Amino acid sequence: MTAGQVALVATLALPALGAAAVALVPARADRAGRVLGTVFAALALVASLLIYRPDGGWFGYAPANRASAVRPWHELDLTWVPGLELRFHLGVDGISYPLVVLTTLLTLLCCAYTVGRSPGARPGRTLVALLLVIEVGVLGTFLALDLVLFFLFFEVVLLPMYAVIAGWGGDDPRAEAGAHRAAARKFVLYTLFGSVLMLVGVFTVVAAAGTADIVALTGGAGLSRPVQLAAFALLAIAFAVKSPLWPLHTWLPDAHTQAPTVGSVMLAGVLLKMGTYGLIRVAVGVAPEGARWAAPVLGVLAVAAIIVGALVCLAQTELKRLIAYSSVGHMGFVLLGVATLTATGLQAALIGNIAHGVITGLLFFLAGAIKDRFHTGALDDLGGLRERMPALSGLLGYAAIASLGLPGLAGFWGEAFAVVAALRRGGPLWTTLAVIAAVGGALTAAYFLRLLRRVTHGPASPVVAGAGGAPIAGVELAAWAPLVVLALAVGLVPTLVLGLAQGPVGALVEAVR
Amino acid sequence: MTEIGLPPINYGAITPMLILFGASCVGVFVEAFVPKAQRHLVQLVLSLGAITAALVTVVWQADTRTVTAGGAIAIDGPTLFLQGAILVLGVVSILLIGERSLERGGPFVAQAAIVVGSDADRNQTVRQPGATDIYPLSLFALTGMLLFVAANDLLTMFIGLEVLSLPLYLMCALARRRRLLSQEAALKYFMLGAYASAFFLFGLALVYGFTAGTPSGSGDNGGGVDFATIAAAVRNSEVSPALLYAGIALIAVGLLFKAAAAPFHVWTPDVYQGAPTPVTGFMAACTKVAAFGALLRVLHVAFGGASWAYTPVLGAVAALTMLVGAVLAVTQTDIKRLLAYSSVANAGYLLVGALAVNKQGLASTMFYLVAYGFTVLAGFAVVTLVRDADGEATHLSRWAGLGRRSPLFAGVFTFILLAFAGIPVTSGFTSKFAVFGAASGAGHTWLVVVGVLSSMILAFPYLRVVVMMWLSEPGESTPSVLVPGGLTAAALTIGVAATLVLGVAPESLLDLTNRAAEFVP
Amino acid sequence: MTTAQTVLAAGGAVSTGEAVTFWILAPLALLGAIGMVWARNAVHSALWLVLTMLCLGVFYVLQAGPFIGMVQIIVYTGAIMMLFLFVLMLVGRDSSDSLIETLRGQRVAAVALGLGFAALIGTGLFRALEGTSAVGLDAANANGNVQGIAKLLFTKYVFAFEVTSALLITAAVGAMVLAHVERRKGERLSQVEQMKARFAPGNYPGPKPGPGVFATSSSVATPGRLPDGTLTDGVHSQILPTRELTSSEAAPKGTEK
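Residue numbers (full-length UniProt numbering), protein chains in the order written: chain A, 1 to 513; chain B, 1 to 521; chain C, 1 to 257.
Source of the hints: derived by calculation from the structure; they are not laboratory data.
These numbers come from a predicted model, not from an experiment.
One thing to keep in mind: the hints can contain errors.
Said to hold, decoys possible - Quick look at which bits of chain C chain B covers, simulated, 3 or more residues with Cβ under 8 Å: (1) 123 to 129; (2) 142 to 155; (3) 159 to 173.
Unchecked claim - Restraint ranges, calculated between C-beta atoms of paired labels, are given here: (4) B:Ile4 x C:Val87: 37 to 43 Å; (5) C:Ala112 x A:Thr79: 55 to 61 Å; (6) C:Ala171 x B:Ser508: 38 to 44 Å; (7) B:Ser397 x A:Val300: 45 to 51 Å; (8) B:Val266 x A:Gly116: 42 to 48 Å; (9) A:Ala20 x B:Ser508: 21 to 27 Å; (10) A:Val439 x B:Val313: 43 to 49 Å; (11) C:Ala112 x A:Arg292: 54 to 60 Å; (12) C:Ala19 x B:Ile4: 31 to 37 Å; (13) B:Asp388 x A:Tyr52: 54 to 60 Å.
Claimed, not checked - Some chain B residues close to chain C (C-beta under 8 Å, calculated; not the full set): (14) Ile4; (15) Val67; (16) Gly71; (17) Val116; (18) Pro129; (19) Ala131; (20) Thr156.
Yeah, the Cβ is synthetic: ideal placement off N, Cα and C, and Gly gets one too.
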């Protein structure tokens, strides 16, 4: 077993071990349990950083005997249940690596945040354990190179997330009592629906190809056109639910609004990425012919998501809900990038993913901080934050501007390149889509500026003036600082992500073409 | 006048049945001659010993592939595997049946003949030790099940069906508490079971008519009801196939009734609810294995050549079963009824596997049977633990907040429910995956779609129970969870461990089913 | 006689005699079956069933199965059904059917579905068997009917035949379990205790009047009366509630002449 394989397994095993360890901590040592979980999350981050393989070069590491589009840096292929085509096949390459690190980082931040701020009535250590289980599922999804294993990890996320929303959510005193339960149910219902389609898609592919190895399947090896069309349709809808793609997005605002702060961060920062990652790696990779067939539809839906997301945001009156809907728009850009099926588009999608994870994670942290202090998320009640808490409102401004895609910050590259990719694709349809998407980008700016005007500027509302407005705590700063730095770093040096992904994306586009 | 002689019988191959049959007869004698105080222990040891001995002989016979006793019994891979499965699940069921520490005198009534509600009845409910007749009865039922999956002609299969059913009817009536419900359940099961048997018999007669003119094993042209003759007739009989189709339909009714498939499932919730919980677990695990074992043999061996004729109809039955089970489970308020409807839905999933008439379908269905059997036994074991002064508290509202009262058992039950819902790393996922994979390989994609859709619906009642246990506050009426006695603890541990192991490392059992998945011709 | 019937049915052609017998007895068998379900009185039900079974027995004989026909008549009809009647008479006949439909429209649905099923099977079988003639009766009865059955029972189906013993044992155990009440030693009354209880103050030591005793009629359908003419529940049969008779019921039945 090479060092890389060890790191690969450690990345996955550490959070799992951590979850088990935290779950065993007795109730009176709640804080110790939370700290323990954070330690494990930190170890997982370290392990995930160790996976990086600079000598693999930008073009990845290709064993001589394999001419596949997926060339993992490290690979671990163990037999698990060959009877079900289930192999414990992990691997990491330039497409998945940034997402892996993003996941471990955000989980660590969320755990650390939970250490500092106890989530209230319910035990915090259980929340930490659930976060770690979610991390296992998400990491497994990103690392899996076996279709069945991929599905398996995809499913693992569902229940802990449900528990997080249903158990720790609903801190909004104005919402009726069962609102968080209803939101959690909605989340599960939608996601289960997606899983069902995905399972059928997986069956279709595995039955037709006789293997579930993503490495072997990428490029649509040997799948007939009808199978590819069916498989892509099933898988794409499944991932579209998770991403979420308009019009399958309606679970998202409720879930985000009702979830606790860390839940929202995980949901927006990491969980949504499973959908887009799956779309790129599995749906496009395994059924390229289906992808080409469905690309226009996907593109139109993506642009519709951008516009609808932006318009809905313009009308929102609640902070978390607004950020949630902004996710719909941002994921629209990501999907537009994927739909072009060009190298530029896929690159845009990947960097858009990372940027959205970082920025929206930060936004949800900030929204959580505001709601903690003023116990309301209504924009009408939050005016004049700048005067009471200049630092907090400054950070909010920074995050909002990053999110609306100011050049120099992370949000810019994904949106710009998605539009560029669509333009380069050419033809009346794609040009129109590119133009509309650009207009959508402008609308994004409009609603974020509206948000800033309402929240940070203007006269101080009675709520803001009246509340204590505790200063920003150290733990909060610690949780936010990495995200602030990353948003700037990715914005200034996009090759951090793009360079990693260049080789694999090029190979994928070659294989798909 | 020709001489007739006993056909050659491979006694080695039928030893498991003979052992159980002998042990049940001994059990009847024990009832008559052993003093009351020692009966329970003697019967328990006798039953466990007999089942273990039978299991040993099954394992010892593992490589036997033969047709014996004049062609009535086929001992082959599926037979031995299913017999082994029935016996292992039977051991676990007997552990549950034998538990006496949860309630004074065990879960069974002392004297079923005493009028419900009389003074004597109240007296026996709280004081007297339960009747031990349950042991020979369960051994008889197990004998019937072993015969049911081994039968190589329809007549022997019918006898097996009766031998396994009759004790079950009786066992349903023996609950210590809520005896009227229990007796009603037994009567209902008996009446409907008698109807189903009649259907089976009718179908048998029609199939016999269909084989007329087909040379049978004994050399004449009179046809027969052994599976080889039927298979030959399906291939090249000149009799109108209407007889065959009607025969298949009627035989299927009889078998699907036992398997609790819709629309022959209506007895399931009432009987599962009314019967004593250990017996319910026994029915849900062992009877299901036996019913599907027989169904597999009939569909694969006898009517395999006509699979194009029955697949659409039975496919519709499977789809209906899955949907009915899933949808009605959503509306249940009693945990035993909920598990009953889930058992109906699971019959649908099993049917999906059984309809894939190939090796993979056979293997995956057998795997599913074992995996489901362990999980359902563990589930009912937990149900026996949640009690208040009036016995088991089965109403779902009573389970609210159980996670606070007893995190361990609530956790175990959560795991079991997640296994039912088919969440990964439980046997529920691997078995469903195997069955659906086989169906999709056989080209029944629409059944797979219905299957996954219904399992999505079915996940909701389970999740509701989980949420209720963990996220509700315990109230005044939240019952206590008793610490299980040794036997229940053993059964629960075995069930949960099997559920976990078959979810994480199912390979060895999958291998075993694959190697066993071949009928003798 | 066995040979005669075998010849009658052999070759597949249906002789006139067989047809006539069938068309006479088949409606009767059906009538018996319907009557068995229809009758409110358990004894009547049993008697209707006897009719059906007798008809079936004749059918078996007609179709070259004299052994099974005779067994049907002797064992089923003669022994089992009579035993059944005995038990009914001993336990007392009670016709308290519940006439409340718990499921609305259940009867109508049951009748409709039943008729539909019968029609489906009936027409299906008719079409399938139209023009088919019976085969194999000669071969089956070549060495005699009883011998033929014996050969099957003790060769091909010997295992099934032996296993039916399990059924019988189960049935016996079941009957014991469901019907037998064990009295413990303490609960059993000795003869002395019984005698004392009988003559204890407040108890009426004499035999209770049977139904109809001292009544105006000796039918079991009339309630018991005490010597002074008052109605009483203290009669042996509990079937009939205490009630006043209407004048027509109370009128002399002509037995006093």
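Hint check results:
1. 123 to 129: With 5 residues in contact (Cβ-Cβ under 8 Å with chain B), the coverage given for the stretch 123 to 129 of chain C holds.
2. 142 to 155: Three-residue rule met by the stretch 142 to 155 of chain C, so holds; n is 7.
3. 159 to 173: Per the Cβ count (10), the hint holds.
4. B:Ile4 x C:Val87: 37 to 43 Å: holds (38 Å)
5. C:Ala112 x A:Thr79: 55 to 61 Å: holds (58 Å)
6. C:Ala171 x B:Ser508: 38 to 44 Å: At roughly 42 Å between Cβ atoms, Ser508 (chain B) and Ala171 (chain C) fall inside 38 to 44 Å, so the hint holds.
7. B:Ser397 x A:Val300: 45 to 51 Å: holds (49 Å)
8. B:Val266 x A:Gly116: 42 to 48 Å: Once the Cβ atoms are compared, 57 Å apart, the range 42 to 48 Å for Gly116 (chain A) and Val266 (chain B) is violated.
9. A:Ala20 x B:Ser508: 21 to 27 Å: Taking Cβ atoms as reference, Ala20 (chain A) and Ser508 (chain B) lie about 25 Å apart, which means the hint holds.
10. A:Val439 x B:Val313: 43 to 49 Å: Check failed, 56 Å falls outside 43 to 49 Å.
11. C:Ala112 x A:Arg292: 54 to 60 Å: holds (56 Å)
12. C:Ala19 x B:Ile4: 31 to 37 Å: For Ala19 (chain C) and Ile4 (chain B) the Cβ distance comes to about 35 Å; the hint holds.
13. B:Asp388 x A:Tyr52: 54 to 60 Å: Taking Cβ atoms as reference, Asp388 (chain B) and Tyr52 (chain A) lie about 58 Å apart, which means the hint holds.
14. Ile4: holds (5 Å)
15. Val67: violated (12 Å)
16. Gly71: holds (6 Å)
17. Val116: Hint on Val116 (chain B): violated, closest Cβ of chain C at ~13 Å, above 8 Å.
18. Pro129: violated (12 Å)
19. Ala131: Status holds, d = 7 Å.
20. Thr156: With Cβ-Cβ at 5 Å, under 8 Å, it holds.
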